[in-house]
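Asker: Listed in order, the protein sequences are those of chains B and F. Sequential numbering from 1383 applies to the first sequence in our numbering. Sequential numbering from 598 applies to the second sequence in our numbering.
There could be a bad hint or two in this list.
Straight-line Cα separation of at most 30 Å, DSSO-like style, residue types lysine-lysine; simulated pairs [unchecked claim]:
# : chain 1 : residue 1 : chain 2 : residue 2
1 : F       : Lys-885   : F       : Lys-856
2 : F       : Lys-633   : B       : Lys-1406
3 : F       : Lys-744   : B       : Lys-1470
4 : B       : Lys-1470  : B       : Lys-1406
5 : B       : Lys-1406  : F       : Lys-627
6 : F       : Lys-885   : B       : Lys-1470
7 : B       : Lys-1406  : F       : Lys-623
8 : B       : Lys-1406  : F       : Lys-934
Chain F stretches covered by chain B per the calculated footprint, using a threshold of three residues with CB under 8 Å from any CB of chain B [to be verified]:
#  : stretch
9  : 666-679
10 : 890-898
11 : 907-913
In case anyone wonders, no lab produced these hints; they're calculated from the structure. Backbone N, C-alpha and C fix where the C-beta goes; we use that ideal spot for every residue, glycine too.
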Amino acid sequence: MEIYILLGFVLILSIYLGLELISKVPSTLHTPLMSGANAISGIALVGALTLTQDTFLQTVIAFLAITFASINVFGGYLVTNRMLSMFKKK
Amino acid sequence: MENFDITLLQNIAYIFAAILFITGIKMLGKEATAQKGNIISAVGMFIAIIVTAINIVNPLVVLGGILLGAFIGSVIAIKVKMTSIPEMVALFNGFGGLATFFIAWSEMGSANNNLFQYLLVILTIYIGGVTFSGSLIAFGKLSERLKIGKGHLVTNVFISFFYISLISILAMLVLPMIGSLPLNFETIFYIYLVLVMLGGIGFVLPIGGGDMPVVISLLNSLSGIAAAFAGLILVNNVLIVAGSLVGASGLILTIIMAKAMNRTIGNILFVGYAASGTSSSSEQGEVKPINAEDAFLILENASSVLIVPGYGMAVAQAQHVVRELGELLEENGTDVKYGIHPVAGRMPGHMNVLLAEANVSYDLLAEPDDVNPMMDTVDVAIVIGANDVVNPSATEEPGSPIYGMPILEVANARTVFVLKRSMSSGFAGVQNPLFFKENTRMLFGDAKESISGLVSEFKD
């Protein structure tokens, strides 16, 4: 149980940090921020990599989790970068 | 001992990755540093993935999954048209949610003897699953493949599933306390998985197109929260930190969007416009149409022009001709600005992306608070396919459903051109008195053709 208290502590602090960091963002960046944040949520890939694969079902689930998280990571970062490279000030 | 060292190395690397995510997302919030911020966060992701992959169970499955995902993701990201960005973000977001759904499902087996772990698994499955199926519906709506909306029979059926899915979480949470079950646990668990997916569909299906900026931000937030919860299940700090950051940024965007509509998040998600007020008195009058030639004559003599784009510009793909018109006006000595409402279009910042694609410098884009005070110095405001965000009812008519919503007060400009396909009302279904104002001229037709008409007048 103690470990969950510790993890909960990390959770609360990170949410608070996120709210503070992004509280004032110009509307020009709303879409890239959303898309870039979305790529970060692909961190689920790290979790997917650690899943146990003892049974066939577990292996299939792990494979699907890894594949979809990878689409999220690669697609998310690339499309955000593509978008941001168009934002220019002349 | 050797095993311990790898775990230690991984945890140290995770701390570095977390720092990079925090720095990256901070830099994403400023124009000058945004692109660098995205790359920094990508480096953090790379580090986290590499150190995790050191002691993987089954290299074939892992590498196969990563390569397949990387291929699909990259192809979509490179090929997607900028006008399709909203649905693309929704789709990627849904895949992130689906991954956490699978993670939680897989961890169900390890939750047998630990009640708290079991609760986390049930909740994560719910958040991840709803994020996935909800995002798929958002994808369908944004790409206009899915045309079922509020009031449709199918929608009502799925709304019921949404409520049933909410009840089913509670049922799953008390399940361990019941001694004898009518079905074996596995069967109940699979029914729960299906209900979660159906619930996500019912969550997004009734929400209208104009409210999509809120929904898509909220789903973005949920995908982060799901990842953070998966981190709790797996006891993995980097998932918690990264997921929380995404959850927070999505939440902020959701609040900004709701504020820009002057509605609560609950009203947007569960009520919709139709029930949020009595229909306004239909102020009718005579609209004054104008043709491209006369519009050109007025524009030629204008010293300051404000262009206000809306969803209609996206539909007509008119952003490139709009930029061309803006440049011709500038060459003619006119001061040109773009007035961007936060909820114009189908996602947060939709108009900014389109104008950036068309090469409009971002310092020409202004928010309502910046342009409204000097609106009376604007000679011509050109409204391109925007409706509710310029509706003066929001400031003048206390009975209107959109009363109190911050708008671009273009009615205060000397002349207003409204480019519009027909006289239909906007998404809110509210009549727009702007069209009947003394200083308003209607330029009917497809936005792209109308602007092209003005551009060719300038060139002649």
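Asker: Next, verify each hint and record whether it holds.
Answerer: The hints, checked one at a time:
This hinted pair does not check out: F/Lys-885 and F/Lys-856 have alpha carbons roughly 33 Å apart, beyond 30 Å. Pair hint F/Lys-633 plus B/Lys-1406 holds up; C-alpha atoms about 19 Å apart against a cutoff of 30 Å. Restraint check for F/Lys-744 and B/Lys-1470: the C-alpha separation of about 36 Å exceeds 30 Å, so the hint is violated. Restraint check: the Cα-Cα separation between B/Lys-1470 and B/Lys-1406 comes to about 20 Å, which is no more than 30 Å; the hinted pair holds.
Restraint check: the Cα-Cα separation between B/Lys-1406 and F/Lys-627 comes to about 9 Å, which is no more than 30 Å; the hinted pair holds. As the CA atoms of F/Lys-885 and B/Lys-1470 are separated by approximately 38 Å, the hinted pair breaks the 30 Å bound. Restraint check: the Cα-Cα separation between B/Lys-1406 and F/Lys-623 comes to about 10 Å, which is no more than 30 Å; the hinted pair holds. A distance of roughly 22 Å separates the Cα atoms of B/Lys-1406 and F/Lys-934; the hinted pair therefore holds under the 30 Å criterion.
Check result for the stretch 666-679 of chain F against chain B: holds, 10 residues qualifying (beta carbon to beta carbon below 8 Å, three or more required). Counting residues of the stretch 890-898 of chain F whose C-beta lies closer than 8 Å to any C-beta of chain B gives 0; at least three are required, and the coverage claim is violated. Coverage of the stretch 907-913 of chain F by chain B is violated [criterion: at least 3 residues with CB-CB distance below 8 Å; count 0].
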